[in-house]
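Heads up: the sequence lines are chains A and B, in that order.
Residues in the first sequence are numbered from 1 upward in steps of one, following my numbering.
Residues in the second sequence are numbered from 616 upward in steps of one, following my numbering.
Warning: the hint list may mix true and false statements.
Here are the simulated DMTMM-like cross-link-like pairs (lysine to aspartate or glutamate), alpha carbons at most 25 angstroms apart as the crow flies [said to hold, decoys possible]:
1. Lys883/B with Asp579/A
2. Lys814/B with Asp172/A
3. Lys790/B with Asp47/A
4. Lys1030/B with Asp46/A
5. Lys814/B with Glu96/A
Simulated from the structure, these hints should not be mistaken for laboratory data.
If you're wondering where the values come from, they're calculated on a predicted model, not measured in any experiment.
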Amino acid sequence: MALFLLRRAGGLAIVMLLVALVVFVIVRVVPGDPAAVMLGSAATPDDVAALRTRLGFDQPLIVQFLIYCKQIASFDLGQSIFLNRPVSQAIAERAELTTLLTLMSAGLAVAIGVPVGIISAVRRGRASDHAATAGSMLFASLPSFWVGLTLIEVLAVRHPWFPVAGWGDPGDGLGAHLYHLVLPAVALGLPNSALIIRFTRSSMLDVLGEDYIRTARAKGVGSWSVVTRHALRNALIPVLDRDRSDDRDADRRRHRHRNGLRPARRRQSRRLGGAAPRLSGDSGHAAGDLRHLRSDQPRRRSPLRARRSAGAHVTEEIASTTPAIPAEPPEVPTSRSPGRQLAGRLVRRPTSLAALAVLILVVLAAALASNLAPYAPTRMDIAHRLAAPDGRHLLGSDDFGRDVLSRLLFGARLSLTVGTLVVVLATVLGLVIGLLAGYVRRLDAALMRFTDALMAFPDILLAIALMAGLGPSLFDVVLALGIVYTPRVARIVRGATLVLREMPFVEAAKSMGASDLRIMAAHLVPNLTSALIVQGTFIFGYAILTEAALSFLGTGVPPTTPTWGNMMAGAQQYMGRADWLILAPGAAIVLTVLSLQILGDGLRDALDPKLQRLM
Amino acid sequence: MTQDISRRAFGIGLAGAAALAATERVWAQTPSGGVISIATIGEPGPLDPTVATSDLVSIISQHIFETLYCFDGSWQVRPLLAEAMPTMSPDARSYAIKLRSGVHFHDGTPMTSEDVVVSLQRWLKLSPRGKQAATAVTGVAADGPLGIAITLSRPYAPLLALLAMNNGAAAILPKAVASTTAPMGDPVGTGPYRFVEHKPDQYIRLLRFDGYASPPGTPNGYAGERKAVVGEIRFVPVPNPTTRVDGMLSGQYLFADSLPAEMLPRLKGQPAVEPITVKPFGFPLMIFNEHAGPMQDPLVRRAAQAALSCSDMLAAGFGDPAFFDAQGSIYSKGTPYYDEGSVTAYNLNDPAKAGDLLKQAGYAKQPIRIMTSQQYDFLYKMSLVAQQNLQDAGFEVDLQVLDWATLLSRRGDEKSWDAFFTYHTFVPEPSLITVLNPSYPGWWDTPAAKHAALDAFNGETDPAKRVADWKAIQALFYAEAPSIKVGDFYNLAARATRVTNYTTVPWPFFWNVGLSA
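Extracted from the complex, chain B is given alone in its bound form (with noise of 0.2 angstroms):
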């Protein structure tokens, strides 16, 4: 509140004025195409692409480094540092994929099968969605200098999903960084930008990698070619959203992420900034406790699944109705495995079917503690909708108010807590929904039903067949009620009008993309 303006801080402001002094300046390049600034919502953190699921992580880092796969447009696979989609084995067991030659690093070593081989190793050991391959892959070979083969213990259809994911990513690392156990240093990448510097609280830049090799074919999504037009991405912490929105208005930010959705309106009729929409972006998910407490009993959660109302969860989180749209398929309208018929009990608002389901159950008001964090702002103002909900329906709420790390580290003690609030980033891989992973904090599985019919999507290569298996998953989802899917919600991001060739997509990218006068 107030700040210090004594002998002590006089001390330390002559101490700074020597540092100063001191400093040696980076002289800022400027290269052609300009430079676009883009406010992010923070510090990064490490800008380890394999160890880390953050989505900011995954924003800047997916410039700096390649993945053999990617996603285009409608989330189709596509080779990315691999030449081609892979060889599959008939009994689906081995896949061998080719890479493309003339690939350099940024620090001008060529990319060779052993860098590859080094990194899924890596992948497989430390990123979240490799130990999840791992469960399935026996080994990892060369085969020749840009050959390499896959080797699995069982089919598994989720496997080239993983490996074009850009966070927790099979990123291609140099052999040398990829084999230490050490933290990363200077991250160095086969992207089409490179990293330059780091200023904690200022700033990251990238400028435009030279030597890059770009992989063939009409920019689709995130898949193919990638062309270094801007010359510098410089990404700029701006934790405050508002600070964010102001930004953009006063021409400060060229690209803004993560705006709060009820900003719009001082947005639209900026002749210089137009906002962006990003859909399908993400779906906010209430987790309920199945290890402890009262919501083991199935009867408890299809209570609370009666109870809510998640059209007015969504509305006070997201406020404008074009920020979010209310239906209970957990994959979003327009894409691949959307599904109607299985959802069977969303959004009801039904009070006296709640109050029924709890009489059935023997609930005998135990507060149920509900975890929320105001961290994500939509989050909470859900959570507080929710609690009026259930208390309307006879349930005794114990709102706690965390910070999002606090929530975090408690969610994993299974006595502490009966249900929290977290979002859930849209992903092309149904199997990477953390819900359905066991060890999830929420710990779904009922052995006989969840398991078998995951077990089955997992094994099941055959698209049309998977969608199918996908319905059966989501009526389970239903019928159990292990958490609620509140809804779908998008992301508000704006642009100035300046940056051009701009494509939408969930983890935005700059590459392709230019800046006019």
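So here's chain A without its partners, still in its complex pose (with noise of 0.2 angstroms):
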């Protein structure tokens, strides 16, 4: 115990000095000298030497590191630029305010998210779990900073019922306090609550398909009485602590297969169909859930079923007691290709198939941009801007009189460029250091560790840093988005590798004497495909939602450029005045992102194989 205390603190310790230097080289790359900014325009070159003599930037770069990391041990952050103040303190002052907030929407969230989890459990397949979950996808692909502008614009100007911003006056007590933080909480506990819906939900499930469950139903408790006296206390748990719960879940994986104890039924598969993290709605957390790795307990059990007949009783034991990884493979005829079962099996779901049908349209515009566009997307007309829409721009025309229907299809272009590079650029990194973590185990500790130290960023923090050191271009928002979600997926990969190299196929060809690296290419990534197909589809999703928000901060893309994000960017001013300005790109991007999550709803369902048999 105390060895595996001093290991985790030794870890830690060196995921906060990675910090500390991602940090500083994020610091050191953002152009612009800091002693120069702070001496303003009339200052002389020799005013500005002297300044960087004051504040060490004369010093060699890993001198100032290693003073920096000094600073930071002893809790001396040093003073603030900007404030004028030390940064412990200028810290310390938000803190109250931060703190509330974040309670606040997170109570919201989960105030929201966790009944309607549980009833859309408890009535899965029935209109409400369908409503539930349209809600939940709904909420995730909106721009919070739409919602935000929006709750302003309805709630605090047309109505005036709440305040536009601010935290209150000097004196006021926390009830006046928390009022101003109302809009603000909701603008960012709702995208949160989608996401513990699907958690709360998926969970419910997995626990209500729990032997104890069936035996309380057995003794006659009442329906409710199991849902919130049994289920519920276990189905929290994971959602309260979906942080880590991959790990630990694949760790304890792999010890069980260490320890001999070896799936019972040895059936060499190449598809680990169950792969498919269950990733709902959230980018920040979303490396967590690989639950459905675990597969000791069957999911997704309508309650209905926990009540059939003993005969299904009798498989559903040996099914439970079946640590079934690899999953069995799905009972189809063998000779249909696993791609053609899987786009039949996407068939069956027409939601699945209309997100799909939108997003081919989608890709059409963007690919057919230059024929369909009635203007070019930058043409200037200064005479006639802000036009409503009507036979001359069927969407308008924006401040510069530009068209803003051919700004759109062109955007379309820019925003799945940025969507499919992202994603392609996360999945090759995110693999290959997920692959290695997870199979050269002499690599884990070094590569979870950095992971961790970049996953300990907010996403558009890091995304923000990021570009401010690499400069405004599509690359760089490419590169900036990339890199924030490399670590997500490389810890998927991980948990699944783990799992994967114990497996007996993998022992057979090492016996057969392939190398690690032919085991590496040739057995395990066929096997996380799937994996990688559901996650790259949330991925993209995200980088749409991400490059709109940095769009917005002005931080993106250059804004010259039509994206999406950017045209709603220069519209904000423009919010009860020109509408269609803001409304065009953002119905654009919501359309977009959902038509992405129920696709990669769909995909995830149609690879997992248990869910395959429980239909």
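Fit the two chains together into the complex; they arrive one by one in their own frames, and the hints show the way.
Dropping the structure here:
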């Protein structure tokens, strides 16, 4: 135990050192001399040089880094140049508000997410379930900055029920402060509630299939009482603690295999359909949920099913005592190729088909933008600026008199390009890092601490910092977002690799003398494909949303480029006067991201063989 | 985008809740006269009036600190902490200034000539304006408890205007503060309001200073009597301009500054809100690099001058024609230095002429790197129009949209740019205009012509002759085309109709302002 704690503490120290290094490097690569910025435009070069000396910028980088580490270690965060006060004080001053806002938005997300998630699990397959799923997907597809702007417009300006901004007057009580935080908490909480709905739902479905639930039901406990008294407590554990569950699960599985608890049915399979990560809603934690890999109990069981005949119970008994990794191959005629099976399953899901159709339309619009667009996307016509939609401009014109429809079409091209490239980059990098970490055990600790360090930064902050260092260009946005999403792919790949590497077929390949490289390339990668496809679909959506947020903050793709995010960013001040400017790109983003989510969900279910069996 | 609601955040939450419980609350004193909340463009940074030249610091600090002189409504210099205008020696090389008696700092100590001497010395050393004056000032000395003597090496006409500026201000600080080199702590001045509290990202609170000694006379611009009618002024940072407008509409703020002109339609017709057009306010500039690159050639610069449509640029930047005036005189109509005659090449939008000039210059399609920034939306928008104009005339343009801080640091390096966009706020004294300073990026400094003209202007103390000298400088500005003056623009601010007795000035002040019920 002591050794374990020591090892964990050591790992923590390394992560912190890496975080410090990342921060240091980002600050260094950001262009602009802080000394020159501090002194303003009228400073002489001598003044700047003197200040640089005072701040220690003339020292070699490594010395600067050591000084920096020493100061951090002694909790000296230095002096804020901008605020002219110690950084620790500046952080403390903001702690109260940040804390309350975090608690409030989290509370709101839980208050909405948990009950809706439970209802949707208990009423699985009914209208209320579909509505909850649709709602959660919609929430997760809305750019949160747009939600915020709309809330202000409707609930603070048109109906002045809430304050527009701020935090109340000096001397205000807690109640008044909380009142000021309602709108921001809603804007932040809504996308998160979507995530919690989906986590609660899947976790609840897991638990509802457990033996003790069946026992409780058999003993005649009322169905709501079963849910609230028995199922809920266990279902909420992974919801509250979803951050690291993948790691622990993977480790546990590995240990089990090490200890010789081999699968009862040693069926060699090249498919690990179950590895499709149940990566619902959130880019932030998506990394987490690999619980479906843990197949020691059947999942997504309708409570109704649990009350089926004794014969079914026997089958389930077998299934549930079988750590079925790899999951059994789906019971379909072997003559059909995996791709066709997948297509067949998707066709049976009309929502997935509709989503696919929408995406195909978007791709076509992007590809044919030059043929479809009535005007050049950058052609200005100052005399006809802010024209309302009419025959001449189907979606109106913007503040430079440029045609909104044309920009939307060309924007599709760029937004899809960003999404595709980010997915490719994050998948390739994540695959390499995850495979190496999972298969080459010596590299595991180092690589995982590195991904931990990157994941310690909030997505958008890391992206902004990287953008500041890289400079605004389409390529740099792709690079920044690719780096942001790499750790998430890496962890999923690592988790799956840890399980796969203990599989009999890997053992078989090894005994036949296959090299590590060959095992990874020929045996592991094909089994990871389905996981990567699903993961890629979700990352695609987040990349589009994050690109929009970056553009909105003015740090994304150069604003001269017509992307959907740039169009929304420029439209903000015309809300209420030329609403089409923000509605058109906003709707395009929501529709595309929503379709990607539906398709991702469909793919995940289609690739999940246990679900197939149950359906 | 997505927010963590994880164990991590929850842990922070618990720690924060503990911190919250421990926080001591500064209870609001509710002063008579009420509170005026002002939405500003953001966090101002250190409130040191001498060092800072930003408009926001000036707006806030002018309530706390005072200078010896200030400007009246027609931009003439008037006494503030000084008792009267200075007496000048016949050779214009020494000034004697008498201070008002009975003035106290917010900490209760009386202001004396010692405080003033140390403050002016600090100003000469640290302020960009002071450094400009320091080239002519040889000494500042006390002459009794309320007398100051300034000696000069040569006649220097801009001195009084520099002393009267409220940014990079020659503000009078207590001697103890002014004599240390350490960064200034909480500001202590002589102004009608005293600093109480700064909560970053939340507010800066100023309360009425009960021991204030006002200058005499009818209020006129910044000059004349100052009375702290409103009990508390609260500056609230609201960086998002749309939110500033929304906050005015909902009644949360009583005054908001720097609003997008495009949003005027939303403010109009609201019974509780009065939009304010601030003129004169400023002029956008497109600065050319005269040290390196293709813009070194005056012919290329004149080609750019001929190509641009300044009126289109202004229309794109500000939308509503009520907020700009497409005219080329550096000083706007109605100010002492306005002159139309010397404006020889403004708003031509003549691609053919520009093409001819480029041919003469032998321009070989070197890309012109233009730096612009979205932090100032109008600069970004007009740079897009400029790009199109220049391309139409045969220029090759590389428009670089940068972070404002990056632009500021990059413009110091002559190798990395050919042109950039900035704007200049109205300044009452022409020698303060940055483009005239040979060390300002762009580096306009033709010794025979510009240098000589500027020296003549600065050495002349007769106002009428100065106007004539200024015309010569403006004629050179158009002949040598060091930069493009795009036009005049006005600032949109808004006040609640409850705010009474407001005076429209470029840097809004709130003494003498009251609140009706």
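Which numbered hints does this structure break?
-> none
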